[in-house]
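Based on the provided sequences and hints, a complete structural model is requested.
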Amino acid sequence: MNTMKWLLKREYWEHKGGFFWAPAVVSGILALLSIGSMLIGVISSGNGKGVFHAGGSDFVSLKHALSSISPAEKLEFAQGLASAYPAISMPIIFTLGFVVFFYCLSSLYDERKDRSILFWKSLPVSDRDTVISKALTALIVGPLIVVAFALALSLLVLLTLMVLAAFHGLNLFGPVLGNANFYLVMAQIVSFIPIYVLWALPTVGYLMFVSSWAKTKPFLWAVGVPVVGGVILTWVNALAGSPFVLESYWKVIVGRGLGSVFPGSWLGMITETETNINPDNALSMLLANTYSLLGTANLWIGVVIGLVFLAGAVRMRRYRDEG
Amino acid sequence: MSSVLHATALSKHYGKQAAVDRVNLEIQPGRIVGLIGPNGSGKTTTLKAALGLIPFEGELKVLGFDPRTQRDDLMKEVCFIADVAVLPRWMRVRDALDFVAGTHPKFDRSKADAYLAKTKLKPTMKVKEMSKGMIVQLHLAIVMSIDAKLLVLDEPTLGLDILYRKQFYQNLLEEYFDEDKTIIVTTHQVEEIEHILSDLIFIREGKITLNTSMDEIAERFTEVMVGSEYYAAAKALGPIDERSVFGKTVFLFDGINRSTLAPLGDMKTPGIADLFVATMKGTYA
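Protein sequence lines correspond, in order, to chains A and B.
Under my numbering, the letters of the first sequence match residues 4 to 326, in that order.
Under my numbering, the letters of the second sequence match residues 24 to 308, in that order.
Honestly, the hints are just simulated from the structure, not real lab data.
For glycine and all other residues, C-beta sits at the position ideal for the given N, C-alpha and C.
The reader is advised that the hints may include incorrect statements.
Chain B stretches covered by chain A per the calculated footprint, using a threshold of three residues with CB under 8 Å from any CB of chain A [what the hints assert, rightly or not]:
| # | stretch |
| --- | --- |
| 1 | 92-99 |
| 2 | 121-133 |
| 3 | 257-271 |
Footprint (simulated), chain B over chain A, 3 or more residues, beta carbon under 8 Å [to be verified]:
| # | stretch |
| --- | --- |
| 4 | 9-23 |
| 5 | 109-118 |
Some residues of chain B that are not near chain A, with every Cβ distance over 12 Å (derived) [to be verified]:
| # | residue |
| --- | --- |
| 6 | LYS35 |
| 7 | LEU48 |
| 8 | THR68 |
| 9 | ALA105 |
| 10 | ASP106 |
| 11 | LEU139 |
| 12 | ASP184 |
| 13 | LEU186 |
| 14 | THR210 |
| 15 | GLU228 |
| 16 | LYS230 |
Below you can see the structure in the form of structure tokens.
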């Protein structure tokens, strides 16, 4: 019995809309916009007025780009492309935060609301495995799908760009595909996932716990309780001469507690180690900074809190009486 | 063979209210037990305790397992339909079968397919597109294809029309039940399951008021239609219930020898429904 495989499949079946279609639609829109604008650029450049959208950064006239490009410039341009082409897919990665947030909130609530929990619990699947499968879906399956879409879109846009450039006499295939960065960035993007798993764990655990506990409106409970708590503390501070440090409350409880499912939300929490950032090293710097989280108490305390919440969710699902 | 369900002083409180009040119960294998009681009498709570869905007080063993601590083992041997139409609405017939096949070691896919072939359900159909009756057909197809030792059915046919209800119990009896299996069923449609039960348990306000086999019922309970001339004589024998029918009085006796009753009028074995109404009088008063 490969129960976990089927539990993960089950989650995917039920939440295909969030985990597959949401990034698919965002990718589609991005592809349409970027490839569309490149085509428009190419077509309108025929009358000398258009611009050529290159690498997401500069706007140069196509004629100019073609006539005045030197081998050195071409190499530099190719290098920029080879390192920065995934930038186009940032919005897809960003959708992950929303998808995971709302998935976690509904993960243990919906089955109680529609009473299908009575069906799931009639099968020999433990509450622990069920909760684990849902956490894995949020922390690993979701990010993997999103990263796959992000890379696919980035490659598609890059390919289109290079093909269009080639049609206009600028062959970038050699310098881009020959650039080690072209391959490295893909590996680097995938390498963010392990840190995401650890970083998002407290939020995923908290949201799933609320989802297993709330009788109604899990969203209001999950977001309302910390926010109302903050308002009460603000009020107490105003009356009693500021015994609480509100800034850290909002940052830790609300920001870190609720916001950690958003990829990159950790970036505000780490001190940059190097200041000399350019497009070529941006991603590796980002990754290095991200991995420096492994040495922080912030990350590991979050992991422990997340696991405690998940254990609480297992207990809730095990003994909660639905009446 | 050891008992399927063994409860000693089983209690469940909601606040101060006892939903199940120190119940002692023993159910043997190979039986079809009807657990009958009015709304709020504690039947569902008892079954939920047995299925490890809620915490409870007292001692309870189901197939030798404690539902509180050994639920994961217990669920390999027990199956249940706790409510009609609880299959997840997004699920397709095919997905449901795949999932159960992938997670239940005692599920026989070919049985389920064969059963579904006799219905109008298609593999790609989603639960939300089905009628209540069709959902129950799918659920029953799944449950019947699981070789469980104990099947618990809590109001499995509530809200279904008579065709689905008849078919449900017929399938259960003909294609599922055998002497190694035990079925516990609760329903308000008492008459419809009367002929399939082997045992009967009445529960009222958290307490068991009757626990007997169907054979014993015929020996123990007698209904006599008495003319007015014997009214006083019948009344003297201590009937547990009386009602008037066409100017005569129908008395219900518990434990009175039939030879004693024969002179008073026509005798018959009461139906479960009559027995139920007689013993539950005053429940909502």
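Comparing the hints with the structure gives:
1. Check on the stretch 92-99 of chain B: 4 of its residues sit with their Cβ under 8 Å from a Cβ of chain A, so the three-residue criterion for coverage holds.
2. Only residues whose beta carbon comes within less than 8 Å of a beta carbon in chain A count, and the stretch 121-133 of chain B has 7; three or more means the coverage holds.
3. Only residues whose beta carbon comes within less than 8 Å of a beta carbon in chain A count, and the stretch 257-271 of chain B has 0; fewer than three means the coverage is violated.
4. Residue count for the stretch 9-23 of chain A with a Cβ under 8 Å from a Cβ of chain B: 6. That meets the three needed, and the coverage hint holds.
5. Counting residues of the stretch 109-118 of chain A whose beta carbon lies closer than 8 Å to any beta carbon of chain B gives 3, which meets the minimum of three for the stated coverage.
6. Listed as a non-interface residue, LYS35 (chain B) fails to keep its Cβ farther than 12 Å from every Cβ of chain A; the least gap is roughly 9 Å.
7. Every C-beta of chain A lies more than 12 Å from that of LEU48 (chain B), the closest at about 20 Å, which supports listing it as non-interface.
8. For THR68 (chain B), the condition that its CB be more than 12 Å from all CB atoms of chain A is violated, with the nearest at approximately 9 Å.
9. The Cβ of ALA105 (chain B) sits about 4 Å from the closest Cβ of chain A, inside the 12 Å cut-off, so the non-interface label is violated.
10. Consistency note on ASP106 (chain B): stated as away from chain A, yet its beta-carbon is not over 12 Å from all of that chain's, at 6 Å minimum.
11. Residue-level check passed: LEU139 (chain B) sits 17 Å from the nearest beta carbon of chain A, beyond 12 Å.
12. Even its closest Cβ contact with chain A, about 21 Å, leaves ASP184 (chain B) beyond 12 Å, as expected for a residue assigned away from the interface.
13. With a closest Cβ-Cβ approach of about 24 Å to chain A, LEU186 (chain B) is found to remain outside the 12 Å limit, as its non-interface label requires.
14. Distance to chain A confirms THR210 (chain B) as a non-interface residue, since its nearest Cβ pair spans about 17 Å, more than 12 Å.
15. At roughly 18 Å from the closest C-beta of chain A, the C-beta of GLU228 (chain B) stays outside 12 Å, upholding its exclusion from the interface.
16. Interface exclusion of LYS230 (chain B) from chain A stands, the closest Cβ pair being 21 Å apart, more than 12 Å.
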